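Colleague: For reference, the chains in residue letters:
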Amino acid sequence: GAGVSQSPSNKVTEKGKDVELRCDPISGHTALYWYRQSLGQGLEFLIYFQGNSAPDKSGLPSDRFSAERTGGSVSTLTIQRTQQEDSAVYLCASRYSGTITDTQYFGPGTRLTVL
Amino acid sequence: DQQVKQNSPSLSVQEGRISILNCDYTNSMFDYFLWYKKYPAEGPTFLISISSIKDKNEDGRFTVFLNKSAKHLSLHIVPSQPGDSAVYFCAASDGDYQLIWGAGTKLIIKP
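Chains A and B are the protein sequences, given in the same order. In terms of the working numbering, the first sequence opens at residue 196 and continues consecutively. In terms of the working numbering, the second sequence opens at residue 132 and continues consecutively.
Source of the hints: derived by calculation from the structure; they are not laboratory data. Note that the coordinates shown come from a computational prediction; the quantities given were computed from them, not determined experimentally. Backbone N, C-alpha and C define an ideal beta-carbon position, used for all residues, glycine too. Be a bit skeptical, because a hint or two may be false.
Stated by the list, open to error - Over the 12 angstroms line for every Cβ pair with chain A, so calculated as not near, a few chain B residues:
no.	residue
1	144
2	147
3	148
4	153
5	187
6	191
7	200
8	205
9	216
10	241
Unchecked claim - Here chain B is said to cover these stretches of chain A; the calculated rule only asks that three of the stretch's residues, wherever they fall, bring their Cβ under 8 angstroms from a Cβ of chain B:
no.	region
11	232-238
12	295-305
Isolated chain A (complex conformation):
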């Protein structure tokens, strides 16, 4: 079956521009995560969606970052006025439920480069 997909796979943008990253989770998965991985670092939690509950946005690094999940499925992560420190791989993961023992399935990521 189809796994988690993300688009674009690579994005190069100029400082100050806005970017939008997309995640298509596995069908039927109620939980969705966004992470960021900078070079040589672990995965940094950004935001968590679970069903119709209010998302946990506690990991978003600044108000330039926002995310939404429409219809409980597709999610978009938007970064406004990009900065060079935003350069990283952005990973999306989905999970069947909110139970921690359920496996998180990751997409291949979007590599963002801000020039």
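Could you slot chain B onto chain A? The hints should help.
Modeller: Relative to the frame of chain A, chain B by itself:
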């Protein structure tokens, strides 16, 4: 502060030998631990997990050991194969939906 630490950025092991990847944590509330494997240009994939009520979990060539008193876990791969060359991430949870991730260890299996 780093709650989950993987102190070895890389590890090189001969094919057929045992690979041991280590992970230390500081939060005594963590009760569930996972290892993920990541190939270049792909997302991490789940490998094996362990609950704090156990001290060992085995799945084929992969075994995870948990030492709660030392706040240490390790992943053993035996025998190591070329396809095991990847970055391995350790992650931990205190039962909440968030996982806290280590920085990863790059495992290189030499032929």
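Colleague: Each hint should be assessed against the structure and marked as holding or not.
Modeller: Checked hints:
1. 144: holds (21 angstroms)
2. 147: Holds, because the least Cβ-Cβ distance between residue 147(B) and chain A comes to about 29 angstroms, which exceeds 12 angstroms.
3. 148: Consistent with the label, residue 148(B) stays out of reach of chain A, its closest Cβ about 26 angstroms off (over 12 angstroms).
4. 153: holds (15 angstroms)
5. 187: holds (17 angstroms)
6. 191: holds (17 angstroms)
7. 200: holds (23 angstroms)
8. 205: holds (17 angstroms)
9. 216: holds (18 angstroms)
10. 241: The assertion about residue 241(B) holds, with a minimum of 23 angstroms to chain A.
11. 232-238: holds (count 4)
12. 295-305: Holds, because 9 residues of the region 295-305 of chain A bring their Cβ atoms closer than 8 angstroms to Cβ atoms of chain B.
Checked against the numbered hints given earlier, this structure breaks none of them.
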